[in-house]
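Place chain U on chain Y using the hints.
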Amino acid sequence: MNDPVDVLIIGAGASGAAVAWSLAETRMHILCLEQGGWMKPAEYPSTGRDWEARFYGDYSPSPNIRARAEDYPINEDNSPIKVVNFNGVGGSTVMYTAHFPRLHPSDFRVRTLDGVADDWPIDYDTLAPFFAENDRMMGVSGLAGDPASPPTNPPMPPLPLGRSGVRLAKAMNKLGWHWWPSDTTVATTDYEGRARCINLGHCTPACAQGAKASTDITYWPAALRAGVELRTHCRVREILTDEHGMASGVVYYDKDGIEQFQPAHVVVVACNGIGTPRLLLNSVSGRFPNGLANSSGLVGKNLMFHPYAQLYGYVDEPTDSNRAPPTCLWSKEFYETDKSRGFVRGYAFQFGRGIGPVMEAVMSEAKGILPWGPDHHKVFRKLNGRRLGLAAICEDLPEEHNRVTLDPILKDSHGIPAPKVDYTIGENTAKMLEHGIARGREVLEAAGATDIFINCPILYGGWHLLGTARMGTDPERSVVNEWGRSHDVKNLFIVDGSVFVTSGGVNPTSTIQAIALYVADQMKRRLANLFD
Amino acid sequence: MPEQESLTPRQRQDLRTIAAMMIPASSEYRVPGADDDAIQADILRTLGRDTGPVAEALDDLARLAGMPLADLDEAQREAVAKQFRSSGGAAAATLIRVVLQCYYRDDRVLRSLGLELRPPFPKGYTLEQGDWSLLDQVKAGPQKLRKAR
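Quick mapping for you: the protein sequence lines, in order, are chains Y and U. At position 395 of the first sequence (counting the first as 1) the number is 394 in the numbering used here, and the numbers step up by one without a gap. At position 60 of the second sequence (counting the first as 1) the number is 267 in the numbering used here, and the numbers step up by one without a gap.
The following block holds chain Y by itself, in its conformation from the complex (with noise of 0.2 angstroms):
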């Protein structure tokens, strides 16, 4: 049996990293487990002349397309947005497009403010400081004094405008309508060992350049520095509990495919809004029968994606096209919530820059839009490397139909069964992505673009996995106190996307990790009395 340890955590993630390196000062023992391995970035997409193909493949955002050893399957026939991740040290932050608003106070109280879903337990002044120390250890490019947004003070300055966003920024100022440079953390100066973007232009899937911010290359070297282990390659089946309750370690399966039992006197949850519950939903035991952490049966319900409404379209003159990050503006002009449009909350606007040859070929084709035979050529010129687009990022409200649970038959590699997702579009989301679709035809006419088109909502966009084991004071309406710990265990954490009460219009790892790093901040102010 391995040694125990004082703090185990789940998961090498957005927000598994940051609590481990923010635990690592009180030099107890902690472990993380993860399931994948770490990166090399020279094997990296961008590499190679094969850069846009493994865009389908190896380097898919699905783990079911992309089926590496460390991804587990997920069963998702029933829902319209298919969900998206990436497993291995890093997580879903090594596969993400580095766009890094954060929540607005408001989006924390949306109960009292519009009279939908529920108030969080915590406000966003609570999460300040720790959005302030994420911003520096992830290492934030962009520019202060959004009147729209929350003040921040990121470290570097923002991305260029480039082609596409004075374009796009013209086209906002036209209509008189909110734009600013979205805040990134794609390091604009060389950072922290980190160096500077050189607009390699594939970011998601990756960046060779080192210079967007996934933990693996921000969180992890201090972390390990300070001391954390971490361990790859182990993927946990089951959080065991003892006689009084208590969790007292996990089952988990080593890289050699060899049972292990680790014991551990604290265990946190990093393992995002998919993973997380399907891990407590497989740790069942007679004292726990519908999962750990479960007597309010809110595990795994609720499950919120953000809900994308994508509109493109072509311009006269080349744009930045594949050659800058995606990364580009951001508008929060239908954020907060106007009754007049005909549903509460809002989204924000996330502009783009372009795409390269092979995406622009497969996805014109797909369209119609690229003929097959002798006309392919002459429409082809015209669509490449001039493509402008937006997406309309849509709060999705909390819905207990929405749910993640175990699927009967499915399993992963290990035997461990997977999860299922069922999932519909909310009447409020649907009425947002149709005004959404509205107004992002109205910035593309403006910017001069024509053969305007939508995808709605994006098929591949569950990158944002939220609320199925949310936080709350009330144990009969929430899973995690509103410091993270479980109501029902008291040294079970969970410190991912799971514990957002409701989902905001903004993408979450920003949120994510400094929710992660306030409960970690909680758990050391608390060290004597933490299961109390």
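Quick caveat, the hints were computed from the structure, so don't treat them as lab data. Check before you lean on any hint, since a few could be wrong.
[What the hints assert, rightly or not] Calculated cross-link-like contacts (lysine to aspartate or glutamate; reagent style EDC-like; alpha-carbon spacing at most 16 angstroms): (1) U:K354 <-> Y:D122; (2) U:K351 <-> Y:E335; (3) U:K354 <-> Y:D2; (4) U:K351 <-> Y:E332.
[Claimed, not checked] Here are the in silico distance ranges between beta carbons for each label pair: (5) U:A245 <-> Y:D421: 44 to 50 angstroms; (6) Y:H413 <-> U:Y332: 25 to 31 angstroms; (7) U:S293 <-> Y:S412: 33 to 39 angstroms; (8) U:R219 <-> Y:A365: 44 to 50 angstroms; (9) U:Q336 <-> Y:G367: 33 to 39 angstroms; (10) Y:D255 <-> U:Q283: 44 to 50 angstroms; (11) Y:K523 <-> U:L320: 51 to 57 angstroms; (12) U:K354 <-> Y:E228: 42 to 48 angstroms; (13) Y:H413 <-> U:S213: 28 to 34 angstroms; (14) U:G273 <-> Y:A365: 37 to 43 angstroms; (15) Y:D118 <-> U:D266: 44 to 50 angstroms.
A virtual CB, placed ideally from N, CA and C, is assigned to each residue, including glycine.
For chain U alone, kept in the frame of chain Y given last:
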């Protein structure tokens, strides 16, 4: 049944024919067709995990054609291709994507498009700053952040 590891001669023949229908050679743009030997060799060499669905798509194509695609007259080939595109599902989409991803990384094609013959790393690209005075209008506008209390 064991998974198919490579395409049969008949499947390769139909692949070449359908690729030529998708993207014929063009003297105007000085580009080969997708049936070009080098591009076909690239497809076969890198098919990998796509072999199964591509083989499935080609079998579907063979059923629709009833004979080697190349042996049909042009009108018949067009009709088969039209049906293949509309009813071929995920397998047909994979075949089409595989042809496109190999075609649009061929040196001759990239040169014709004015693109550099290299991967993005390590040279990267230059992104121009643009006109930051465009932001003045936004800075002069109202505060939009909603109060939470």
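Hints and how they fare:
Between the alpha carbons of U:K354 and Y:D122 the distance comes to roughly 12 angstroms, so the proposed pair stays at or under 16 angstroms and holds. With a CA separation close to 8 angstroms, the supplied pair U:K351 and Y:E335 stays within the 16 angstroms bound. Between the alpha carbons of U:K354 and Y:D2 the distance comes to roughly 50 angstroms, so the proposed pair goes past 16 angstroms and is violated. With a C-alpha separation of about 8 angstroms, the suggested pairing of U:K351 with Y:E332 holds against the 16 angstroms cut-off.
Range check, U:A245 to Y:D421: Cβ separation about 47 angstroms, and the 44 to 50 angstroms hint holds. Judged by the Cβ atoms, the range 25 to 31 angstroms given for Y:H413 and U:Y332 is violated: they are separated by roughly 42 angstroms. At about 37 angstroms, the CB distance of U:S293 to Y:S412 agrees with the hint of 33 to 39 angstroms. Roughly 24 angstroms separates the CB atoms of U:R219 and Y:A365, a value that falls outside the hinted 44 to 50 angstroms.
In this structure, U:Q336 and Y:G367 meet the distance hint of 33 to 39 angstroms, their C-beta atoms being roughly 37 angstroms apart. Distance hint for Y:D255 and U:Q283: a CB-CB separation of about 57 angstroms, inconsistent with the stated range 44 to 50 angstroms. For the pair Y:K523 and U:L320, the beta carbons lie near 56 angstroms from each other, so the given range of 51 to 57 angstroms is met. Remark: the range hint 42 to 48 angstroms for U:K354 to Y:E228 is upheld by a beta-carbon distance near 45 angstroms.
Between Y:H413 and U:S213 the CB atoms are about 31 angstroms apart, so this pair conforms to the stated range of 28 to 34 angstroms. Taking the beta carbon of each, U:G273 and Y:A365 are about 27 angstroms apart, not inside 37 to 43 angstroms as hinted. Here the CB-CB span from Y:D118 to U:D266 is close to 57 angstroms, at odds with the stated 44 to 50 angstroms.
The structure shown violates the earlier hints numbered 3, 6, 8, 10, 14, 15.
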